[in-house]
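**Q** So the chains spell out like this:
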Amino acid sequence: MAGSSRRLARRVGAAAVSVLLVGGLALFGQAPAASADSASTLIVQGASFKNNFNPWTSYVQGDKEIITNIYPSLTYLNDKQKPAPYLADSWTTSSDGLTWTFKIHPDLKWSDGQPLTAKDAAWTLNLIMTNKTAATSNGALVAQFASVEATDDTTLVIKTKVPVADMLYLNAAGGAQPGIPIVPQHIWEKDVNDLAADSTLVVPTVGYGPWTLTDYKANQYATLTANKDFFLGGPKYDKLIYQQYNTPDAAVAALRSGQLNVALVTPAQRASLKDDKDITTYSVLGSLFLSIEINRGAATKSGKPIGDGNPLLKDPAIRQAINLGIDRDTLVQKVLDGQGVASGAFLPQQYTDDWQPEEKITFDPDKANKILDDAGYPKGADGIRTDPKSGKKLSFRLGTHSDSAQDAQVAEYFVPWMKNIGIEISLEPMSFSLLNENLAKANWDMLFDRWGSGPNPTYLLSTQTCATLPDDDGQNGNTDSFYCNPEFDRLFALQSTQVDAQQRMDTFHKMLQILYTDGNNLILFYANGLSGVTTNQVKNFMIGSTDSAGNYPPQNVFLNWRTAEPVAVESSSTNVWLIVGIIIAVVVVVGAAGTILVLRKRSTADAKE
Amino acid sequence: MAASINDDASLAGGAITVPPARRGRRISGGYLLRRVLLAIESFLVTLVIGFIVFSLVPSDPAQALSRAQAVTAQQMADLRKDLGLDQPIIVRFFRFLGNTFTGNFGYSWEFRQSVGGLIASAIGPTLLLMGCATLISVLLGLWLGVRSGWKPGSKFDRFFTGTAVTLWSVPTFWLGMMLLVVFSVGVGPLPRIFPAGGMSDPTVDPSGIAHILDVAHHLVLPCLTLVAVTFAQNLMIMRSSLVDELGNAYLTTARAKGLRDSEVRRRHAVPNAMLPAITVIFLQIGGLVGGAIVTETVFSWPGLGLLVYNGIKIPDLPLLEGTFVIFSGSVIVFNLLADLLYRVLDPRVKG
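Protein sequences appear in the order of chains A and B. Quick note: the first sequence uses the working numbering, first residue 1, plus one each step. Quick note: the second sequence uses the working numbering, first residue 1, plus one each step.
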């Protein structure tokens, strides 16, 4: 009888010891910090990749970042954000701007040793033009292409229907919106009927670029191996790993302990990392704006009004007053901790040659109040103005993204500012999908909105054209805020054919001025991108030099990952930690053994009762 | 057979006229069939409810997917068609049913991969994490519950019940973050011991013993988090049902027979107190594949919970529907098993 009780105790003890043993082994088996590996490895945060490295269908930013590093393009964006020669050594444009002739770099080879020629480029572009699946990700970019042909192995001729101003951007690797990747014809030819199949993703991927995708685990990581012979200059690191962290806090924890070399950080995290001597934080000029869009009378393509937007917002005086009532500088200071640019421009300054509006709108609540007084909206006893015609209060809904802390923070300032000029705002937090649904149906007064643009703003500007309005049945729209202005549309069409960069920029400036004065999207600010880098392990990571405010120009994964260099690591620190770890493991094991002994004794005592 | 029916046989006065299967601890074919049919019925009802709920979710996935991406109007229309958004709801329902029963679950909108493949790659990590956590949580909870319930009010009882309930009320997210900061970054003289996330270190050889140790190393923190916040339910249910048994006469009888205290506890009290615990354990096992969305997200554990988290924003309906089918199916299957096991364990349950 006593035996069985002891057996139980022994079993429990054995279980406990084996758990501890596994834990202890895990401790000893623990790989030291990544950079102590004999092959140098750069580990970066994979922000949002879905492990869909399909060059035809992938559209997620994180996936495109990897694709642009493993497949080549005709050009790439250099550190000045301008297209530079990549596969194409040089190019010429015909006088009518309709024919582009690219000279392809000779004697290049795909990673499997097959020659990489103009024929691969022609095949890729032709497939995007003719195959629906191939067009998933980049179809819109070739919409104006008439024909693509490789006249020999080093010559690629692209003929277009109209002059295509952004030809070199459409084909540029790197940057915020990587252009069209060229893929090996001999690999993909057999899959043309099912380009999207899961089976098309094979590692190592056959491609060409500074890196080769050699391993990935769904939702965990992707490993890229350096192509040291890359003809534009091979990477300094041997390996690049994108590791996925799902919360910013976990990523920063990994950064602090050197498990991660590069991570995006929030303003609050940046402040907390200031004292960490191993980590340097950088701020990069942002290209994503936060704005409040105003429904000033949504209508369909044919001009039929839709939605339940408040008709008072059609009055330009009210919209102007709202704009004057916003203190953008305070928002940057308070919400972004100073890490951003207060701007009302629809495009970021770094891509518009620092465009400034003709007459800048600055925070002026007195003027806002005066405008509303003059427009005939008297304040009531509660301080809220009323429209004498309809008898309705100036009370508007503001839709916020319920998962965005930034929306809520901005609203905390915006609501009292509006109250100050006699306008009542009621907040309506909504899920991302509900907000977008309401947007499309025009069931809103005001909404928070975010958009970003790269150096080629064609797409972002296209969201403000009449063509994006929905049909009369409310379908087929892709509008941002139901903006429609024929003059803006005319300029949009003009810029898309202006092959001369300077002329095109002048047109952009005119378009920006139009949106600034009568747009329905009140841009608030551009938040800087903040990143933390373990500079005790990595050097030469950033490209370009800082401006007067200490901000770097936009970074570019095509360049960053190549210029980054490992710092020689002193191995002593790792050893110290290892020894401390061993000591702790020993203490734990001894302590556990003691506990087990006590427990056994107790159960024997039980048995004697 | 004789052994299994002798208790009931004595109750029935030894009458052989009663079919043994109805009286014994065995599961009759008819009962099994009824339970299975009932389970299939609940599964079908769940499918209908699930489909209706997902259809009510406000979404224009075509627009959400193509946002911030250059697309032509024609492409948008094609995308809507590809996603089946242009079809009447009844057609979509039958396609959903078809996808469910063929097991491929359609094609994920967000990941552009088959949902079946995504689930297949995520279910392993989830079962590993949840399996380890549940096993430890059950063993620890039951063991502590037995010790606490046998001597309620003792120091042991007060200490462990108090600890368990405290941890139970701690938000999982917060506890996870705390463990992450303490053990992954290191605090003061404490070095970093465990990795901050993921399931394996890409720099470690992905095969053999090194890989197993690496995964075990990554498993510790998420597993610890889950055990800490869940073992209380096992402890409390075991403790309270054991306390209920304490005053019973059969225990006094057992003692009178000369059995020692631990024998009385182990042989008589615990088996009788186990039944409520079995229910709770099976509910937990049924929920296993559901993963732990919060824990998996905090520790970037690549399981089903994380998959759901990633699919919600668009919302990626085929992915959500596919995981929903897996979750509800597993709960139903394990409830069925629990029902059947009850009959084996407890002669009083006769269906």
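Keep in mind that the hints were calculated from the coordinates and are not lab data. Check before you lean on any hint, since a few could be wrong.
In silico DSS-like pairs for lysine-lysine, Cα to Cα no more than 27 Å straight-line [stated by the list, open to error]:
id, chain 1, residue 1, chain 2, residue 2
1, A, Lys539, A, Lys510
2, A, Lys304, B, Lys313
3, A, Lys217, B, Lys81
4, B, Lys313, A, Lys441
5, B, Lys155, A, Lys301
6, B, Lys81, A, Lys190
7, B, Lys155, A, Lys441
8, B, Lys257, A, Lys132
9, A, Lys314, A, Lys370
10, B, Lys81, A, Lys132
11, A, Lys389, A, Lys304
Just so it is clear, the structure is predicted and the values come from calculations on it, not from any experiment.
**Q** Against the structure, test the hints numbered earlier, and report the numbers of the ones violated in rising order.
**A** Going through the list in order, the structure violates hints 1, 2, 3, 5, 7, 8 and respects the others.
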